[in-house]
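Novice: Single-letter residue listing:
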Amino acid sequence: MNEKVAVAGKIEIRINEAWCKGCAICVEFCPQDVLVMENGVAQVCNLEACTACGLCELRCPDFAITVKKG
Amino acid sequence: MFDYETYLRTSKMPLIWCAGCGDGIVLKAMLRAIHKLGLEKDKICMVSGIGCSSRLTGYVDFNTLHTTHGRAITFATGIKMARPELHVIVVTGDGDATAIGGNHYIHAARRNIDLTVILFNNNIYGMTGGQVSPTTPLGKFASTAPYGNFENSFNISGLALAAGASFVARSTVYHATQLEKYVEKAILKKGFSVVEVITQCPTTYGRRNREGTAVDMMLAQKENSIPVSRARTMSEEELEGKIVTGILVDTEKPECRSEYQKIIDRFSQPTGSVETKR
Chain A
1 MNEKVAVAGK IEIRINEAWC KGCAICVEFC PQDVLVMENG VAQVCNLEAC
51 TACGLCELRC PDFAITVKKG
Chain B
1001 MFDYETYLRT SKMPLIWCAG CGDGIVLKAM LRAIHKLGLE KDKICMVSGI
1051 GCSSRLTGYV DFNTLHTTHG RAITFATGIK MARPELHVIV VTGDGDATAI
1101 GGNHYIHAAR RNIDLTVILF NNNIYGMTGG QVSPTTPLGK FASTAPYGNF
1151 ENSFNISGLA LAAGASFVAR STVYHATQLE KYVEKAILKK GFSVVEVITQ
1201 CPTTYGRRNR EGTAVDMMLA QKENSIPVSR ARTMSEEELE GKIVTGILVD
1251 TEKPECRSEY QKIIDRFSQP TGSVETKR
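Residue numbers (the working numbering), protein chains in the order written: chain A, 1 to 70; chain B, 1001 to 1278.
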């Protein structure tokens, strides 16, 4: 599984690159601009700003992104 | 701790749907609702017909049945009659349920059989190449309407309501948490319940109608949604092109399988004690 994990403090964002289709829904609906599209796959670019609101996970149609707050 | 993967057949993934398709968002809302209700996986039977949305049953770890075009509700009716203890959930699309399966849809509503129908409305036959469906709005383009659709479209929630369903709600994939609540209520409802979900098809509908990306289509859902309470104060002209969201009906009425059980119970009594005459 091509999984990328970004951790900052208690927040952990996991992106399963094999399942991500690059629709950019997560990027557009993130209120803090934490995510960005890179080579057709979502990537974390500004993890410090993440509030773990989970809107990206809620609307990702492909189960490719998960947000956990420890 | 909730994990979607508990309910998924991950070996079948990634999902077959196009990038930006809303169907996965509906699937997630359904899984959250099922988890919240604490239903056992083996007590759920999910039935689907043919179409993009109907591929959903391949990904979920319940008892599942992928049936013929338009006949998801008929198979589900049989399951409910034989195994009333199961939560029978039908996953279907606008073409599947209201075109080829239209007759089954209205008669299941009339019978008020205890099924939960999650109806994915993307206004098009996506999988087969973007043909006009009964919910393609007037004037919109499709592969079989290259000069614009000249037919009126169905209000499919209104159809279920008029035919006698005991619970009907409409939401969109943009409103994913609201959708989750409606799915939950629909499963709990004893009777025929329909949740119509407005979902985007960026590939065969959005592109042809210049509605932009999946994100643009979801933002349009947000812009065009009107809660049912406000819609009641608006005129038909004002509601043109709008999506009326909310619970359209939630009522109690005799349920088909329970009424059938009463007859079974009556004839299960010792011989000679049953009054068969009217």
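Heads up, some of the hints might be wrong.
Said to hold, decoys possible - Below, computed lysine to any residue pairings styled on SDA-like, alpha-carbon distance capped at 20 Å:
no.	chain 1	residue 1	chain 2	residue 2
1	A	Lys4	B	Tyr1004
2	B	Lys1222	A	Glu57
3	A	Lys4	B	Met1013
4	B	Lys1181	A	Lys4
5	B	Lys1036	A	Leu58
6	B	Lys1012	A	Lys10
7	B	Lys1181	A	Glu57
8	A	Lys10	B	Met1013
9	A	Lys4	B	Pro1014
As the list claims (entries may be wrong) - Derived coverage of chain A by chain B (criterion: at least 3 residues anywhere in the stretch with Cβ under 8 Å from a Cβ of chain B; other residues may be distant):
no.	region
10	23-36
11	51-62
No lab work stands behind these hints: they were computed from the structure. Heads up, the beta-carbon is just placed ideally off N, CA and C, and yes, glycines get one too.
Novice: Please work out if B:Lys1181 and A:Glu57 have their alpha carbons no farther apart than 20 Å.
Specialist: holds, 17 Å
Novice: Given the hint that B:Lys1181 pairs with A:Lys4, does the C-alpha gap stay at or below 20 Å?
Specialist: violated, 31 Å
Novice: With a cut-off of 20 Å on the C-alpha distance, tell me whether B:Lys1036 and A:Leu58 pass.
Specialist: holds, 15 Å
Novice: Between A:Lys4 and B:Tyr1004, is the straight-line Cα distance small enough, at 20 Å or below?
Specialist: holds, 18 Å
Novice: Go check the region 51-62 of chain A versus chain B for me, would you? Three or more residues, Cβ under 8 Å, otherwise it fails.
Specialist: holds (count 5)
Novice: Given the hint that A:Lys4 pairs with B:Pro1014, test it: the Cα-Cα distance must not exceed 20 Å.
Specialist: holds, 16 Å
Novice: Hint check: B:Lys1222 vs A:Glu57, CA-CA at most 20 Å. Holds or violated?
Specialist: Holds, at about 18 Å.
Novice: Please work out if B:Lys1012 and A:Lys10 have their alpha carbons no farther apart than 20 Å.
Specialist: Violated: B:Lys1012 and A:Lys10 sit about 32 Å apart, past 20 Å.
Novice: If you draw a straight line from the CA of A:Lys10 to the CA of B:Met1013, is it 20 Å or shorter?
Specialist: violated, 29 Å
Novice: Within 20 Å, alpha carbon to alpha carbon, are A:Lys4 and B:Met1013?
Specialist: Holds. A:Lys4 to B:Met1013 sits at ~17 Å (cutoff 20 Å).
Novice: Can the region 23-36 of chain A be counted as covered by chain B under the rule of three residues or more with Cβ-Cβ separation shorter than 8 Å?
Specialist: Coverage by chain B holds here, the residue count being 5 at a Cβ distance below 8 Å.
Figure legend: structure checked against the earlier numbered hints; hints not met, in rising order: 4, 6 and 8.
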